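Protein chains in written order, with our numbering: chain A, 1 to 192; chain B, 1001 to 1291.
What the hints contain is simulated information worked out from the structure, not anything from laboratory work.
Values in this document were obtained by computation on a predicted structure and should not be read as measured data.
Check the hints yourself; a few may be wrong.
[Said to hold, decoys possible] In the DSSO-like style, the derived pairs of lysine-lysine whose C-alpha atoms are separated by at most 30 Å in a straight line are:
id	chain 1	residue 1	chain 2	residue 2
1	A	K66	B	K1258
2	B	K1258	A	K68
3	B	K1004	A	K123
4	A	K33	B	K1261
5	B	K1245	A	K33
6	A	K66	A	K103
7	A	K57	B	K1258
8	A	K37	A	K180
9	A	K87	B	K1031
10	B	K1258	A	K37
11	B	K1203	A	K25
12	A	K180	B	K1010
13	B	K1202	A	K180
14	B	K1261	A	K68
15	A	K180	B	K1004
16	B	K1010	A	K154
17	A	K154	B	K1004
18	A	K37	A	K57
19	B	K1031	A	K66
20	A	K180	B	K1200
21	B	K1010	A	K150
22	B	K1067	A	K103
23	A	K25	B	K1258
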Amino acid sequence: MEIGVLALQGAFIEHEQKLSELGIKSFEIRQYKDLEKPLSGLIIPGGESTVQGKLLKELNLFEPIKEKIIKGMPVFGTCAGLLLLAKQIENDTRTHLSTMDIKAVRNAYGRQLGSFNTVEEFKGIGKIPMTFIRAPYIEEVFNDTEVLAKVNGKIVAAKQKNQLVTAFHPELTEDLSVHKYFINMINKNETF
Amino acid sequence: MDNKRFELNKNLAQMLKGGVIMDVTTPEQAKIAEAAGACAVMALERIPADIRAAGGVSRMSDPKMIKGIQNAVSIPVMAKCRIGHFAEAQILQAIEIDYIDESEVLSPADDKYHIDKTAFDVPFVCGAKDLGEALRRINEGAAMIRTKGEPGTGDVVQAVRHMRLMQQEIRRLGSASEDELYDEAKLLQVPYDLVLYVHKNKKLPVVNFAAGGVATPADAALMMQLGAEGVFVGSGIFKSGNPEKRAAAIVKAVTNYKDAKLLAELSEDLGEAMVGINEQEIELLMAERGK
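Excised from the complex, chain B in its bound form (with noise of 0.2 Å):
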């Protein structure tokens, strides 16, 4: 990939800032996000929610089915692979995928190597606890971060520390002094240039979502006040008692993030959320996978 691909790639994850990326699994479910106003969609075979609960190794999805939902939908259509596994990611990238999500909610290919990200054409969001995550990934080429979160969970605490945990370390690398960065780039374990640039913008050198256990509006409303610039919801909605209304009332409420009054409207009467399960209460922590 060279850095005009790179750059469009960059662009592209631009375009769909205060957007939801929706997780589906079957072409109908992609044409209900669509019409809620998802800014596109993660195909998926399995729901995280699902993949908790039924346990076992979990794998890139059928292309076939893949192939099924990018031709129900007009919008961006994202899939994931594992983490380190390079040739699902080449098999992604060979049905025209928009985004490749390199992603913990998989069963890691690789637990030491992350994809060489540079080495493809499409482009890779990667999820990211911390600063020195999120900007190892961008080193390897990921055009998008995320927060993990903990997916599956209905539980917003850790997308939330993640997110915090971002936005301080970001304000502290603006405010560090510029002989000072050679040391954390040493502590963050990121190239130089990285830390330059987060020190300059005083934002990450892409564009940043939240992702995991969003599950309602003010979820979402929170982590965009919070600094995210969009949200991903996964098993929020179709494991939801409407996914049709939730859907289209997370939409509104990271467009109007601020407006509590517009945020209470949308709130009322979305029928049940996922029932979720708390942090304490989780055997696997997928959030741990991939450092």
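Chain A extracted, bound-state conformation (with noise of 0.2 Å):
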């Protein structure tokens, strides 16, 4: 298995240490030429989803990506990645890959004053801590995905068929729970 890392901006680094603690293989897509190696999913890292929504279109990396969503290619986003795989944002008339049933909204809590750690539960795998960021939360899922945690009665996590996304920051803690959930999503996922 070896899991493609978006690394146009961001927390991507963090999340690739993550993956090597789990004795998972990892790789940096950059440019369009990074997505020749196949790959077993991708995760979308946390960082500024303006930045990273552009420089996907400009480096020709938005058609291909989207079209492996699409085709059933797990993929995980953080924070940024959660807004960029969002069908809906509330506060901003940008989409971006818009492959995922959700209503997100932009900067939810706030300005970095906002920007708060918590411990709460997530389905399947019990309290883990939640670090967030000047991040987003979900208003709404749609269809067939599936709420996985809330924090203060708003949606923080959530799953809708090969994709995973999450308002909070996991590869800023030392809790793994979350890395190896998607990893597990992939072992499942022997179609793609």
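Taking the hints as your guide, dock the two standalone chains into a single complex.
Printed below as a string of structure tokens:
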């Protein structure tokens, strides 16, 4: 198994470190030719969604990645990654890959002074630490999207078939369980 | 600021990595920067090149102007306060700035003490010329470090010097034996714990960006290859012939800083770069402010 980590901008190295702690190989995707290598799954890291969304298009990654996700490639988006996958963003006219049936709210907790940590229940895992940095949350899920975690009544993690998103950053805590959860999704998804 | 808040503040800098933070003076420029792919903007009344040209005392920007920029964009907004001017920093915190740059670009308000940044909830970024300076700022509570470079010159030589020196010193600490670290702490004038961290991890405990004199995609790529985790571009963008195009090219250069072929394409046809001044022609060395 080898997982691609979108490395256009943001905290991609932290994801690579988590994967390496789990003994999983990963490689960085910075431009079109990096997609020539077969990948078992893709992680879209935290960072700025506006920057990553723009670079996806300008570096000709947008269409091929979108196509792979639609075909069933497992994908895990954290924070900005969640926004890149959302079909709707309530307070932004820009949407990006638009593959997941969720409606997100950008910067939903305000500016940096609104950033926080907490410990909450994640469905199928239990209580885990969650770090929110100028984070979004999910206002609504549609169709077969499953809610995996809530903080103060707001949805902060969800899954729809091959797509997993968290508004928080599992790559910034010691906890490996959400990454393991994603690896399990890949293991179950032999078809892609 | 408790430990948790410091972690969150370091974490925000981690999200900025691999990105370009651009100086802007108006909401219009902020929008251009955001559209070009800036991961954050630095709101200030005058960009360093103009501060240098105008002379006189340079202070924190008008909060109204900063708020105008906060309302114009969705990305993080930073602003500068003078070295040691904790009241300016309190004001910036009150308007919920995302990051405060305690900056040598402005006239220092205190020639001895930096701000006790641990007393604040918002994060600070500080400039450093070498490892000792970086660790002293981190000890005071800085959650992010940048090279000082020489702002407003369009000359990258000082940023290169600072980044090289920092990396050399990190390598030296990394290969020192543990019993030598006590003396290193003394020489660097920093707490032992921070020296031990650098020794073990072979990096600073916070994110380290390049700043000062970056004017072209090649400059940005150079700084990234020298170990910067992202780049501040001040005067280089809005003092150039075609800010939109240059800004977008620098953003892409930071993402693909090792791909010379792509860098060649990005460097084409950018119009006039900022004129700049060489370091020998400068009368005021801003990097010498605050140590």
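Each hint, compared with the structure:
Of the supplied pair hints, the one linking K66(A) and K1258(B) holds, its CA atoms being roughly 26 Å apart against a limit of 30 Å. As the CA atoms of K1258(B) and K68(A) are separated by approximately 26 Å, the hinted pair is consistent with the 30 Å bound. For a cut-off of 30 Å, the pair hint linking K1004(B) to K123(A) stands: about 25 Å separates their Cα positions. Simply put, K33(A) and K1261(B) have alpha-carbon atoms about 13 Å apart, close enough for the 30 Å limit, and the pair holds.
Restraint check for K1245(B) and K33(A): satisfied, since their Cα atoms lie roughly 24 Å apart, inside the 30 Å limit. Only pairs whose Cα atoms come within 30 Å are accepted, and K66(A) paired with K103(A) is accepted, the gap being roughly 18 Å. Note on K57(A) and K1258(B): the hinted pairing holds, with a Cα-Cα distance of about 20 Å set against a maximum of 30 Å. As the CA atoms of K37(A) and K180(A) are separated by approximately 23 Å, the hinted pair is consistent with the 30 Å bound.
Between K87(A) and K1031(B) the CA atoms are separated by roughly 24 Å; this keeps the pair inside 30 Å, and the hint holds. Taken as a hint, the K1258(B) and K37(A) pair is honoured in the structure, with Cα atoms around 19 Å apart against an allowance of 30 Å. A threshold of 30 Å between alpha carbons decides the hint, and for K1203(B) with K25(A) the separation of about 23 Å falls inside it, so the pair holds. Distance hint between K180(A) and K1010(B) is fulfilled; the C-alpha atoms sit about 25 Å from each other, no more than 30 Å.
Taking the CA atoms of K1202(B) and K180(A), the gap is near 28 Å; set against the 30 Å cutoff, the hint holds. Taken as a hint, the K1261(B) and K68(A) pair is honoured in the structure, with Cα atoms around 27 Å apart against an allowance of 30 Å. Distance restraint check for K180(A) and K1004(B): the Cα-Cα separation of roughly 25 Å lies within the 30 Å cut-off, and the hinted pair is therefore satisfied. Between K1010(B) and K154(A), the direct Cα distance comes to roughly 25 Å. Compliance with the 30 Å bound is thereby established for this hinted pair.
The straight-line distance between the Cα atoms of K154(A) and K1004(B) is roughly 22 Å, inside the 30 Å bound, and the hint therefore holds. Between K37(A) and K57(A), the direct Cα distance comes to roughly 19 Å. Compliance with the 30 Å bound is thereby established for this hinted pair. Proposed proximity of K1031(B) and K66(A) is supported: the alpha carbons are some 27 Å apart, at most 30 Å. Simply put, K180(A) and K1200(B) have alpha-carbon atoms about 27 Å apart, close enough for the 30 Å limit, and the pair holds.
For a cut-off of 30 Å, the pair hint linking K1010(B) to K150(A) stands: about 25 Å separates their Cα positions. Distance hint between K1067(B) and K103(A) is fulfilled; the C-alpha atoms sit about 28 Å from each other, no more than 30 Å. Straight-line distance between C-alpha atoms of K25(A) and K1258(B) comes to about 22 Å, which keeps the hinted pair within the 30 Å bound.
Every hint from the earlier list agrees with this structure, and none is contradicted.
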